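Just so you know, the sequences run in chain order S and D. Position one of the first sequence corresponds to residue 1 (this note's numbering), numbered consecutively onward. Position one of the second sequence corresponds to residue 1001 (this note's numbering), numbered consecutively onward.
In case anyone wonders, no lab produced these hints; they're calculated from the structure. Note that the structure is predicted; figures quoted are calculated from it, not measured. Take these hints with a grain of salt, some might be off.
Below are the DSSO-like pairs computed for lysine-lysine, each with C-alpha atoms no more than 27 angstroms apart in a straight line [to be verified]:
#, chain 1, residue 1, chain 2, residue 2
1, S, K622, S, K720
2, S, K473, S, K796
3, S, K224, S, K323
4, D, K1147, S, K33
5, S, K289, S, K313
6, S, K586, S, K612
7, S, K492, S, K185
8, S, K185, S, K224
9, S, K473, S, K421
10, S, K22, S, K622
11, S, K161, S, K98
12, S, K41, D, K1147
13, S, K33, D, K1007
14, D, K1147, S, K161
15, D, K1007, S, K41
16, D, K1147, D, K1057
17, S, K147, S, K720
18, S, K289, D, K1003
19, S, K185, S, K41
20, S, K33, S, K289
21, D, K1147, S, K22
In silico contact screen, one side only, chain D against chain S (beta carbon under 7 angstroms); selected entries [claimed, not checked]:
#, residue
22, F1065
23, A1067
24, G1071
25, Q1091
26, G1103
27, T1106
28, L1136
29, Y1142
30, L1156
31, A1158
The following label-pair restraints were derived from C-beta to C-beta distances [what the hints assert, rightly or not]:
#, chain 1, residue 1, chain 2, residue 2, range
32, D, P1121, S, N630, 49 to 59 angstroms
33, D, Q1013, S, K720, 38 to 48 angstroms
34, D, A1067, S, G802, 54 to 64 angstroms
35, S, K313, D, A1067, 51 to 61 angstroms
The beta-carbon is built from N, C-alpha and C at its ideal position, and this holds for glycine as well.
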Amino acid sequence: MKDEITPEDRVANLKGMGSSRKRVEDVRFTQGKGNYVDDIKLDGMLFGDFVRSPYAHARVKSVNKEAALAVPGVLAVLTAEDLEPLGLHWMPTLAGDKQMVLADGKVLFQGQEVAYVVATDRYAAADGVEAVVVEYEELPVVVDPFKALEPDAPILREDIKDRTEGAHGPVRHNNHIFTWEQGDKDATEAALAEADVVAEEMIYYHRTHPCPLETCGCVASMDKVTGKLTLWGTFQAPHAIRTVVSLISGIAEHNIRVISPDIGGGFGNKVGAYAGYVCSVVASIVTGKPVKWVEDRMENLMSTAFARDYWMKGRIAATKEGKITGLWCHTTADHGGFDACADPTKFPAGFMNICTGSYDIPTAYLAVDGVYTNKAPGGVAYRCSFRVTEAAYFIERMIEVLAIKLNMDAAELRRINFIRKDQFPYQSALGWEYDSGDYHTAWEKALDAVGYDALRAEQAQRLEDFKAGKTRKLIGIGLTHFTEIVGAGPVKNCDILGLGMFDSCEIRIHPTGSAIARLGTISQGQGHATTFAQIIASEIGLPADDITLEEGDTDTAPYGLGTYGSRSTPVAGAATAMAARKIRAKAQMIAAYLLEVHDDDVEWDVDRFAVKGAPERFKTMKEIAFAAYNQAIPGLEPGLEAVSYYDPPNMTYPFGAYICVMEIDVDTGETEVRSFYALDDCGTRINPMIIDGQIHGGATEGYAIAMGQEIAYDEMGNNKSATLMDFFLPTAWETPTYTTDFTVTPSPHHPIGAKGVGESPNVGSVPCFSNAVHDAFRPFGLVQSHMPHDHWRIWKIARDLGLHG
Amino acid sequence: MSKMHVKLTVNGQEVEGLAEPRTLLIHFLRENLNITGPHIGCETSHCGACTVDMNGKSVKSCTLFVAQANGADVTTVEGLVNEDGSLGVIQEMFREHHGLQCGFCTPGMITRAHRLLQENPAPTEEEVRFGMAGNLCRCTGYQNIVKAILASADALNAQKEAAE
Ligand code: FES
Ligand code: FES
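Isolated chain D, as found in the complex (with noise of 0.2 angstroms):
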């Protein structure tokens, strides 16, 4: 099949390469790219282990073709670390509150959660729960999850406040 040229800004970096029409964003990501914390679980938009943030929203990069990202900016959760490399707000509460075990729907979360945060910054528990229904977990149970989400509101609102 014949190829086609896209060229997309990923955690800052442009990045341009060649693919077909029907190529996924999560295969480019992963296979050209290799960018491999976003993961794939299902390939039909229920588990959100594939989420990035595109344009200042999440999507499910399974359900895009590349050529619809095309000069789009996407963020995965390797964007999410600090400039000196140790982990962001959100990576460190899920750390710190045990709000991952196996790792595998990680990356799609805490990319979720990133956005979810900036859509509402005080989410209470319930509305993070409903924000956070996209992303399928099979280890933690969520209790976790939430905990951590609440926790890196708190931090974050406490870092914006420091800083005004």
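Next comes chain S alone, as it looks inside the complex (with noise of 0.2 angstroms):
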């Protein structure tokens, strides 16, 4: 016998799809040996620091560069007067915008770049930065997007005033930038005015911030020998920087080569392109040396990519029985100075209009209006896929408001409304095509296993407890059933900056069996080695282990939009698993070849090719893989790779439910999250051991995000929150543990049925924590409070409901 292992064996050998497979980045980053952008040392490198306006509206009147200019180590100082003539004081944002690198006569929010300075090390840039002088003239201030609206309002953007059109569509104050409308307004005021029950609620989704462990930054090195740029950075789409990079400086695109190197952590931080960026290629063409940028913790959390910040006015009717007839939703959009949002150019709000959720509502309009504020540009997806988590804490939210008019269990409610599993693919009212789910097992499943009765039962215990004066604490049960919508997208309607949403895969094997493999995407710690590999793995047969996955060189890897908006998997994992095929198409002629029999005579098995009905003859994919190299085989060319550009014909639409139970202290307002469990399903699983890691640490997010986590700004519009002493990062103390479960629907037009995971327990956690708080004071009246739900805040509830005695 030529081959004694089992076919289990066989399997469990490859480590592919459905294993825990331990992760290889691992060995790296356990013993420090991580490569990091502040990591990289290049010979005579120069740190670049900012001057920042400590200011959020003002005038410019002079920049004096003189006494910093003297400093030792201080070798230059840019200003926006210095890189107009390379027209790079302004730059275009992702959104259809333009953004001042440096500013430029005036500045729009605190914190704000005003000038550049260069120097030998960083505390001599620092030194530098101090001895700037900058005169600034106050202006008036606008840090409320409603009042921005006002007739009367200060003008904010003097470089587009009076402007009727904007990037989408005909705008009406010169702080607007545009209305987004989707659905059917006249079928939704109608079904309202016409419903058995309405209700009306005004729902925030305050401001905050990704705030990844790791900074922005960046090294640039401007090679004058060769004329290419190198840039190092964290980005999170690579490529679509080199291209940004390329059409704003004028370098040709060839010259250019970006490398994103590990990256620790992005949320979405990291997609959007930075006055430091464009800086510190300047500064290394000037000097003609390389440049390194990293911004330090306050900037990051006062500058770069802030997200949320959305008004959503909603109205939603239903009959009495609590069947959805209709639902409304006009939102504000607060944008800061700049529209710098990183949506795709034909969704100004992002996915906001997935905000019908789980539930099948007849009807539905959605207007958004995107506002100017004297507040940081940004507007990024932290952790979600473009506004979708805004759109589940909307629906989740009205969902529980309605079920307090209904006087209805809000368990229920959900159940009688849910999306059917016989309706999908499903046409949502806001022109979505919903690809695959089945929420009422998932929704029963996740009931049962926290045993929803029994903790229904205890909660109104308490209650009568509480009321009886024997305890100061109440229960609240966190009911949350989210639909995301991730893996954009289709080149049909996804673009950003004219870049169709495609992604891609390349895939070598080597002659003795293993393999290398190229991604246009870029790991911030979701483990894509590890996993992508998995899925070569199981498509051809070859030991995972064998498999060398590399990603974030634009000189290496083929050309793709980067990760985000969890679109690795349902994307590039897609290319990946169609390169697999085409590797294994030829591999079959090989073997067919090899075998001596017709292309047709053989089938896949594993790990192999063998004889239709003769089992025991058969060419493994090692011995394939050799052969391609030192055989002539006729018909076929040498040599075994294949490339895979995938465009998905429709987005995939992971979902979850996640029920989580709260104490909390009327009198001090303090919160214990005593269990929280998290049901996703995914589609298939590719890695159980990451997945559920990627649902801690994205419930951890929304924790935060719930219960503390802001940027707030005062009237003058100083950020309240740029220190992690203000900006809430939950510890290990505090932070609640899950319990996690799945259900498995399979995305019917994803090659391997996997729809993504990363980002749906931040968008079902934050509405999950958030109605456990308001649960526990609806006995009591409480229909809607704002997040973060601290301490305070939750005080000031118990407070307001006149609980304090």
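Build the complex: two chains, separate frames, hints provided.
In structure tokens:
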């Protein structure tokens, strides 16, 4: 017998899809051998640092560099005036707007970049920043998006004042960016007018920040001899950065090499293009030396990429039995001083139109108004797919508000409104085609798992004890059923800067049967080197351990749109499977030739092609790989490699059911999450260990957002939360422990049925925590109280409800 | 700015160099010595990414001048690998239990866990959570970090027992 191991062993040896394969990245990371941007050290490297505005709105009257240039070690100070001849004092944003690289006459938010100091080391650069003298003239500040639209509001963007058309259609005010409308307004208003019951509420999703542990940074190195620019940076989309750099700098794209090394977390923070990148490139061109720029934490929280800040006014209509008949939403979106959202071009409010959620809502209407204020620009997808988390929070709060109005159990209200399994593919009232789902099954499984009825009974008992003066603690039960929309996206309707949102994978099989794969995405902790190798292993039958994975170098990786919006698995994962299948198709021909049978007479079996009906006659993939390089096979080119550019036919729609139980101290406002149950359905599961890790991490971000994390401004536009003292990042101490669970509803259009999972827990957990807080106070009449639910705000809820006696 | 001479032991090796009086230990480690395991996440003592071990205590190297470490015995995550170059117990347990994702907090976490398990060789889950509260992680939600540290405690105690 040539082959003694069992088919099961052969499958196990591959460590392919479904196995909790240990991560290959960790051997480096656990011994401090990662290679992050700030670890890069080049000969003669200089450091850049910014002078930033202390004011939220001011005219810049002068910038005096003299004293700074006299500081030992300081080599140059760049201002807008220096960048103007190069046309680089402004840069395009991903949202069709433009943004100042360095203050051009005025500043629009506190922390805005005014001048860039280049010095021999970071201490000298900081000294230089101190020595630059800027003269400002303060202007009236607007931090409230509603006030920004009042007729007498100050004009923020003088560069585009009095325009009537914006990047997304007509505008009606100097501070108005766009109106985006979806759905049927008249039909929805009719449904509201005819309904038995209408609940109306303003739901605010406050401004926050992705705050990855590593801040943003880059190293730019212009080689004057070859004319080639190399740019290392914390980029979630290296190829898009290359194209942007080429377009705005005029350097030919083939002369630019962008490299994303290891990235210390992204969560949306590292999608955009920032002033630091542009200034570092210019500084490297000017000085002929490599230039490093790494923002500090305060700069990170003040200037790069906030998230959310959506005021969502909702109306939901239902029959008295609780069947929802219509949903209306008007959102006022605070975009800050520039519109630098990172949404696909045709979606200025991202996928906010997924706000009908998991429910079969026959008519709906959504309008979003984008507004300029004196706050930092951004509006990124903080571990979510383009405003999906805003949409999920909105609908999951509206369901609770409706349940109160109907005096109904919120679990039951969800149950009677879920899209049924047999309705998929489901056409939503706001224009999406949900690929697959089985919400009722997931919901029942979740309610059973937590013992929902017993929990409600315990809660009722606690309430009685509270009223009888026996306890000062209430129980809140938070429910959420969310539907995500990820994997942007079909090129026909999704692009960024005109670049279609496909993704790519190139696989090369080496003669000895090992392989290298390169992708257009970039891992920021998701473990791509581990999981994508698993996909290939299952598809072509070579062990995952023998497959190297590379991402993030634009000179070697095929063009891709990067990693955000949970798009890596749905899009690049599909490209990976498709490239692997091309290899397998060629391998089939090679195997048939070697076995001297017709192509159709061999069949695939785990790691080999075997002759149909004669399984003992086979060629393993390893043997085939060698043959591809050493045999002259008639009609076939030598070699074994393939590349695939995958344009997904649709988005994928992961979903989940989350339930949390929270203890709330009415007198102190303190909360304790007693349990958190998370059921996720992400279709086919590639690596269960990594999925669980993603859920723990995303839910912890959600915990932070719901319970305390906020980018807050005072009326002068001062950022009140720009250090980790004020910006809440939970520690191990207060972070809940999560119980994870799953159902599997594969995506019908994805080659391996996978839907993506990284962002689901952020999308699902925020409403779950928030609903728990609201639920605890529901018996006392609380309908809506805005996040974040920190101790003080919860204490205030209790006080306002008269619970402090 | 005039420079001063500093001399300290890092991961068992004597090192020396010139530094400004204001130079922070983290910058001296990362830039002068090329020891880039300890990271910078905040520079304000909140995140713990820069945690190193100094004279038997966990310290945040972003908030110490290298001058204060003159003559000190410093251990970083690089110093926790076994002599043969294989991963140390805590490093191995972080890998085994998926206690890291982006890896940016990991060197600080592991260095802190190393000290915690000497302060308290058999901690409860609660004690681990409390003892690690000076180190922030944005990726893992801590659940697997806690698991990895509890498993490390078991493994280290078993090693100790076997040696006795
Ligand atoms: S960098 Fe030292 S505690 Fe954050
Ligand atoms: S693994 Fe990314 S911060 Fe901890």
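Now the hints, each set against the structure:
Using a Cα cut-off of 27 angstroms, the hinted pair K622(S) and K720(S) is violated, with the two alpha carbons roughly 60 angstroms apart. For the given pair, K473(S) sits about 15 angstroms from K796(S) by alpha-carbon distance, which is consistent with the 27 angstroms threshold. Between K224(S) and K323(S), the direct Cα distance comes to roughly 68 angstroms. Violation of the 27 angstroms bound is thereby established for this hinted pair. The hinted pair formed by K1147(D) and K33(S) meets the criterion: a straight-line CA distance of about 23 angstroms does not exceed 27 angstroms.
Distance check on the hinted pair: K289(S) and K313(S) sit about 52 angstroms apart at the alpha-carbon level, beyond 27 angstroms; violated. Taking the CA atoms of K586(S) and K612(S), the gap is near 18 angstroms; set against the 27 angstroms cutoff, the hint holds. Our distance criterion of 27 angstroms between C-alpha atoms is met by K492(S) and K185(S), whose separation comes to about 25 angstroms. At most 27 angstroms may separate the alpha-carbon atoms for a hinted pair to count; K185(S) and K224(S) exceed this at roughly 58 angstroms.
Using a Cα cut-off of 27 angstroms, the hinted pair K473(S) and K421(S) is violated, with the two alpha carbons roughly 40 angstroms apart. At roughly 23 angstroms between alpha-carbon atoms, K22(S) and K622(S) fall within 27 angstroms of each other, so this suggested pair holds. Simply put, K161(S) and K98(S) have alpha-carbon atoms about 13 angstroms apart, close enough for the 27 angstroms limit, and the pair holds. With a CA separation close to 35 angstroms, the supplied pair K41(S) and K1147(D) exceeds the 27 angstroms bound.
The straight-line distance between the Cα atoms of K33(S) and K1007(D) is roughly 24 angstroms, inside the 27 angstroms bound, and the hint therefore holds. A threshold of 27 angstroms between alpha carbons decides the hint, and for K1147(D) with K161(S) the separation of about 57 angstroms lies outside it, so the pair is violated. For the proposed pair K1007(D) and K41(S), the alpha carbon gap of about 23 angstroms is at most 27 angstroms, so the pair holds. This hinted pair checks out: K1147(D) and K1057(D) have alpha carbons roughly 23 angstroms apart, not beyond 27 angstroms.
Annotation: proposed proximity of K147(S) to K720(S) holds, straight-line Cα distance about 20 angstroms (limit 27 angstroms). Restraint check for K289(S) and K1003(D): the C-alpha separation of about 25 angstroms stays at or below 27 angstroms, so the hint holds. Proximity of K185(S) to K41(S) is assessed by CA-CA distance (about 57 angstroms); at most 27 angstroms being required, the pair is judged violated. Only pairs whose Cα atoms come within 27 angstroms are accepted, and K33(S) paired with K289(S) is accepted, the gap being roughly 26 angstroms.
A distance of roughly 15 angstroms separates the Cα atoms of K1147(D) and K22(S); the hinted pair therefore holds under the 27 angstroms criterion. Because the closest C-beta pair between F1065(D) and chain S is about 12 angstroms apart, greater than 7 angstroms, the hint is violated. With 7 angstroms as the threshold, the beta carbon of A1067(D) stays out of range of chain S, its nearest partner Cβ sitting at about 14 angstroms, so the hint is violated. Checking G1071(D) against chain S: minimum C-beta separation of about 23 angstroms lies over 7 angstroms; hint violated.
Checking Q1091(D) against chain S by beta carbon gives a least distance of about 4 angstroms; that is within 7 angstroms, so the hint holds. Given the 7 angstroms rule on beta carbons, the hint for G1103(D) holds: about 3 angstroms separates it from the nearest Cβ of chain S. Because the beta carbon of T1106(D) sits about 5 angstroms from the nearest beta carbon in chain S, less than 7 angstroms, this interface hint is met. Checking L1136(D) against chain S: minimum C-beta separation of about 5 angstroms stays under 7 angstroms; hint holds.
Satisfaction of the interface hint for Y1142(D) is found here, the shortest Cβ-Cβ separation to chain S being roughly 4 angstroms, below the 7 angstroms cut-off. The interface hint given for L1156(D) is broken, as the beta carbon of that residue sits about 16 angstroms from the closest beta carbon of chain S, more than 7 angstroms. Interface hint status for A1158(D): violated, as the beta-carbon distance to the closest one in chain S is roughly 20 angstroms, over 7 angstroms. In this structure the hint that P1121(D) and N630(S) lie 49 to 59 angstroms apart at CB holds, the actual value being about 58 angstroms.
As the Cβ distance of Q1013(D) to K720(S) is approximately 45 angstroms, the hint placing it in 38 to 48 angstroms holds. For A1067(D) and G802(S), the hinted distance range of 54 to 64 angstroms is satisfied, since their beta carbons lie about 58 angstroms from each other. Our hint of 51 to 61 angstroms for K313(S) and A1067(D) holds, since their Cβ atoms are close to 58 angstroms apart.
Of the numbered hints stated above, those contradicted by the structure are hints 1, 3, 5, 8, 9, 12, 14, 19, 22, 23, 24, 30 and 31, listed in ascending order.
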